[in-house]
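Engineer: Spelled out from the first residue to the last, the chains are:
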Amino acid sequence: MSLSLAWIEWRRLMRTPLAWGTLALSLCLLSWQFLGTLESFSGMQTAHRELGLSHHLSLQLYGLAAVLILLITPILTARAFSETFRNGSYALLSSAPLSNLSILTGKFFGVVGYLAMLVLIPLLLCLTLSSGTQLDLGLLLAATLGLLLLSGTFTGIGLYFSALSENPGIAAAASYGMLMLLSLLDQHTQANSFIHWLAWPSHYLDLQLGLVRLSDIAYFLLLALFFLGLALHRLDRRRRG
Amino acid sequence: MGWLRIGLNDLLFYLLMLAILVLLAWLSGRYDNQWDWTHQGSNSLSPVSIDIVQRIPGPLTVTAYVPETTKIRDQLTRFIARYQHLKSDIELSFIDPLRHPDQTRRQGISLSGEVVLNYNNREERIQRLDEEQFTNALLRLSQTHTRWIAGLTGHGERDLLGQANHDLGDFGNALKQQGYQVISIDLATTPTPPDNTSLLIIPSPQRPLLEVEISRLRAYAADGGNLLLLSEPESRTGDLLMRQLTGIKQLPGTIVDANVKELGIDNPAIALVPRYPDHKATRAFNLLTLFPQAAALVIPEQSMWSVVPLLKTLDQSWNETGALQGDIERNPLAGEEAGPLILGVALTRQVNEQQQRIMVIGDGDFLSNSFLSNAGNQDLGLTLSRWLVGDDKLVGIPVKQANDRELHLSNLAIGVIGIGTLIVAPLLLLTFGGLMVWRRNRA
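Keeping their order, the protein sequence lines are chains A and B. Using our numbering, the first residue of the first sequence is number 1, and each one after it goes up by one. Using our numbering, the first residue of the second sequence is number 1, and each one after it goes up by one.
Just so you know, these hints were derived from the structure itself, not from any lab. There may be inaccurate statements among the hints.
Stated by the list, open to error - A few chain A positions that, by computed beta-carbon distances, are all more than 10 Å from chain B:
1) Trp-7
2) Leu-25
3) Leu-51
4) Gly-52
5) Ile-75
6) Tyr-90
7) Leu-123
8) Leu-182
9) Ser-183
10) Thr-189
To be verified - Computed list of lysine to aspartate or glutamate pairs in EDC-like fashion (alpha-carbon distance at most 20 Å, straight line):
11) B:Lys-400 - A:Glu-50
12) B:Lys-71 - A:Asp-236
13) B:Lys-393 - B:Asp-278
14) B:Lys-71 - A:Glu-39
Claimed, not checked - Quick partial rundown of chain A residues pointing at chain B, CB under 10 Å, derived from the structure:
15) Trp-20
16) Ser-54
17) Ser-89
18) Ser-95
19) Leu-98
20) Leu-101
21) Leu-129
22) Leu-141
23) Tyr-176
24) Leu-211
25) Leu-223
26) Leu-235
27) Arg-237
28) Arg-239
Every value quoted in this text rests on a predicted model; they were computed, and no experiment measured them. Glycine included, C-beta positions come from ideal geometry on N, C-alpha and C.
Could you put the whole structure together from the sequences, leaning on the hints where they help?
Structural biologist: Below you can see the structure in the form of structure tokens.
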């Protein structure tokens, strides 16, 4: 049930100019970064290249991709519940024989399905070079996995704030606030503390370097599930009134 | 009241979720596993390192002297994590050299980014951290046999245990921290250096040795004993010992070096050695070293040893025979020779199927308490001692070369990729999306 809901949600997204515009703009920005990385790499002397091209790309291109996903996700998720609360369509949806869980997971996978297209852009850009060099595919796949996990976590956060507020603007602003906070928590905090663990950049960096750690994957999944759990609680409260 | 109950319920739910999150986060760190997806295994250690790390029992602490705000801390943490993955009782801590200058000075840390390893009350330092250096430091720490280093006394030598400015006490302590036993011996009362002496240091004797002492020294050298012989300018005793034991002669005068002026040193009688030949003794060493009041050496044309001039001054240096005051110039008539001059010589030969190693240096000040902390002096002393003792077995770890360090694409191909991804593809996306949206609006 939630898969077909996800499909509906994805199709709904793909019929908005926002989705296509965002895709085109992201491609443009990522390709700009991609060409810039290539240029700085070509400018280096071979002796100074301690890292291969794949490493440079995974750090720079995938770094920008993570920032783009951070910027895009709240816009996509802000309307997921806020607007339906306001125009009453959620009352309609919730009167259908659908559980809150399937509505939530449907929206979640719909948005993640859209973001997955964005996640593939850096990989496709890198693959255009495969005739000119021996790319480290494992490294790029690890970074792509990182981006996918990142979009899942950010979507979970966005959906929670969307379920919290009837105003999409406030929902988006709150999501941005939370995402910024999670981006900065690893500064000036004890390396082994829970607060430090909460920040995403160091977990993502492992994957960018090609190191797939169980604890990093657990971080992204746990955080996504945590916020989805809060969102579900919120929806249940709303349905009960 | 109803509102309050709902609020309390919510609060409890949030707290419960948070508690579960903290618990699972802790569990994920505890039962961690990792896979390196890179082609070269650039996040993993080489088999040599893995073998060495797994053979070390007990806790190891690593202290890094790195300022708080630098990225180097993250890199270091990641680097050490590769070892921690195999050996969980490696503890890494940071000290900010700017905030704790006293502690840094006490440790004699000269470079930011220096790393000190502590294991079983012994320590190793690393300046340039990479897998080869770190693994070799671990290897040295794990070696448990004790080797004895003896310093000759009785003729006004610099004392390996002494605290005066001209003594070598600090260097002796550094040797002890590397796991060596340091003792003083007197050849007039002890007939021969003890059997287990791995290295005999003769640090700048000032008064002549007795005949019997010289013959005992010769016997020690003929038997394959390792020697570190330090001399001083115009030292007849040092010159004589050198000739008798190795055939190396000393030039008159003191080395003056115009190159140190660029380093902001006003004293011309300090010789600078910035480079070292590709020799086993200095293979892993690349720091500047400074030699105050040093004598130049002359290598004999024929020798039963294989002789390598290991320490050499730069051009613009000579052995000044006059007073070291005012304007000084090289005077070839007085036997003053132009640089590069030889300052230290390494000699090796096979004796009893073992390699005998001798090092002769025309200076003892560079290891003295006053000058040991200058530039790379202490590290040179330790590196040379390690080679002389025979602890120079380095495990080589091949540097992983990435396959994709070269990009072979024509300018045309790059142009096509650039225009295609930057302009054409986004425009296609926009057109296609526009069509989709337009069709939906018409429907």
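Engineer: Next, verify each hint and record whether it holds.
Structural biologist: Each hint tested on the structure:
1. Trp-7: At about 16 Å from chain B, Trp-7 of chain A clears the 10 Å cut-off, so the statement holds.
2. Leu-25: violated (7 Å)
3. Leu-51: violated (6 Å)
4. Gly-52: Given a closest Cβ separation of 3 Å, the condition is violated.
5. Ile-75: holds (16 Å)
6. Tyr-90: Its Cβ never comes within 10 Å of chain B, the nearest being 20 Å, so this holds.
7. Leu-123: Fine: 13 Å to the nearest Cβ keeps Leu-123 of chain A off the interface.
8. Leu-182: holds (13 Å)
9. Ser-183: holds (15 Å)
10. Thr-189: holds (12 Å)
11. B:Lys-400 - A:Glu-50: holds (9 Å)
12. B:Lys-71 - A:Asp-236: violated (45 Å)
13. B:Lys-393 - B:Asp-278: With Cα atoms ~15 Å apart, Lys-393 of chain B and Asp-278 of chain B stay inside 20 Å; holds.
14. B:Lys-71 - A:Glu-39: violated (24 Å)
15. Trp-20: holds (2 Å)
16. Ser-54: Result: holds, 5 Å to nearest chain B Cβ.
17. Ser-89: Result: violated, 18 Å to nearest chain B Cβ.
18. Ser-95: Check failed: Cβ of Ser-95 of chain A comes no nearer than 23 Å to chain B, outside 10 Å.
19. Leu-98: Violated, about 22 Å.
20. Leu-101: violated (16 Å)
21. Leu-129: holds (7 Å)
22. Leu-141: Holds - the Cβ of Leu-141 of chain A comes within 10 Å of chain B, reaching about 6 Å at its closest.
23. Tyr-176: Result: violated, 21 Å to nearest chain B Cβ.
24. Leu-211: holds (4 Å)
25. Leu-223: It holds, given that the least Cβ distance between Leu-223 of chain A and chain B is near 8 Å, below 10 Å.
26. Leu-235: violated (13 Å)
27. Arg-237: Since chain B brings a Cβ to about 8 Å from Arg-237 of chain A, closer than 10 Å, the hint holds.
28. Arg-239: violated (14 Å)
Hint check: violations occur at hints 2, 3, 4, 12, 14, 17, 18, 19, 20, 23, 26 and 28; the rest are consistent with the structure.
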